[in-house]
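Visitor: Those protein sequences? They're chains L and Y, same order as listed.
Numbering-wise, the working numbering puts 85 at position 85 of the first sequence, and it's gapless, one number per residue.
Numbering-wise, the working numbering puts 66 at position 66 of the second sequence, and it's gapless, one number per residue.
Just so you know, the hints here were simulated from the structure itself, not pulled from any lab data.
Backbone N, C-alpha and C fix where the C-beta goes; we use that ideal spot for every residue, glycine too.
Among the hints, a few may not be true.
[What the hints assert, rightly or not] What follows is a list of derived Cβ distance ranges for each label pair:
| # | chain 1 | residue 1 | chain 2 | residue 2 | range |
| --- | --- | --- | --- | --- | --- |
| 1 | Y | 103 | L | 136 | 47 to 53 Å |
| 2 | L | 1 | Y | 20 | 41 to 47 Å |
| 3 | L | 34 | Y | 37 | 33 to 39 Å |
| 4 | Y | 13 | L | 53 | 38 to 44 Å |
| 5 | L | 13 | Y | 5 | 19 to 25 Å |
| 6 | L | 13 | Y | 33 | 16 to 22 Å |
| 7 | L | 124 | Y | 42 | 55 to 61 Å |
| 8 | L | 3 | Y | 99 | 44 to 50 Å |
[As the list claims (entries may be wrong)] Heads up, simulated PhoX-like pairs for lysine-lysine below, C-alpha to C-alpha not over 25 Å straight-line:
| # | chain 1 | residue 1 | chain 2 | residue 2 |
| --- | --- | --- | --- | --- |
| 9 | L | 56 | Y | 36 |
| 10 | L | 56 | Y | 67 |
| 11 | Y | 67 | Y | 36 |
Okay, here's what each chain looks like letter by letter:
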Amino acid sequence: MAVAVFHLQVPACARSLRVLRACVRSALDDVPEREASRIVLAVDEACANIVKHREKLPGRNCIQLDVERDGDLVRFRLGGFCAQRDVSHIQPRDLADVRPGGLGTHFIDQIMDRVAYEPDSVVPGHMDLVLEKRCSREEAE
Amino acid sequence: MARLTLDTQDDRGVRVLAAQGEIDMGSSPRFLQAIKHGLHAGAVVVDLARIDYIDSSGIAVLIQGLKEARRLGRQFRLRNPSSRVTAVLELAQLQRLFDIERTGANVPPRADTDPAGR
């Protein structure tokens, strides 16, 4: 059964990202450090995308993050991530093309087991980003 | 977790830019500015031993620094990237793109970093 770990709503600005990273890391305190660091990076990249593209969604001035745990599965839901029409434009870039930009989506795809866009339950035409990862756990001493 | 601090030292035409803390989309513009400023004076070595976190915007800055260095005909090297920086460079499949030096002597022991990357 899925258990809500936390819900966080912070301003969609670069300064919020440190807070988000700390909260995500705290939700992964039983996950090995290397794996937890990668998951924090993936969620941070998704949140950074909201900050970068916030002007594309009228009225979006915050990041809403819900975290759930279901056994070894951890699920992150970013509310109102993008407009439905923009989903098809979100692609990882070709890594052979060495240039700044486009790496964040590649990181998310590489790190997470499932990356999905689901209709926002609040705002029609907006999509939530759902990230899932099955985690190994550190043995308790 | 610490914000980004940048310490610069000039040594015989080489600017050593020692970065400490976190490089993310909030701090990467300042990081880029420091690298570009250094490259206009000469070669740049970016010491990444004390970086706790780097995201894609930080990696993008390193790519931009490398491209700027090539344009200006300068040397651009990374020094002692921390295990977390190395992990992100590997994720981006860019570790071979950069000239990376590992001096060892300047890498302080860190309580929260496992050299094995666990």
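Visitor: A separate judgement is required for each hint: does it hold in the structure or not?
Guide: Structure-based check of all given hints:
no. : hint                         : verdict
1   : 103(Y) to 136(L): 47 to 53 Å : violated (34 Å)
2   : 1(L) to 20(Y): 41 to 47 Å    : holds (43 Å)
3   : 34(L) to 37(Y): 33 to 39 Å   : holds (34 Å)
4   : 13(Y) to 53(L): 38 to 44 Å   : holds (42 Å)
5   : 13(L) to 5(Y): 19 to 25 Å    : holds (21 Å)
6   : 13(L) to 33(Y): 16 to 22 Å   : holds (20 Å)
7   : 124(L) to 42(Y): 55 to 61 Å  : holds (56 Å)
8   : 3(L) to 99(Y): 44 to 50 Å    : holds (47 Å)
9   : 56(L) to 36(Y)               : violated (31 Å)
10  : 56(L) to 67(Y)               : violated (30 Å)
11  : 67(Y) to 36(Y)               : holds (10 Å)
Violated hints, in rising order: 1, 9 and 10; the structure is consistent with all others.
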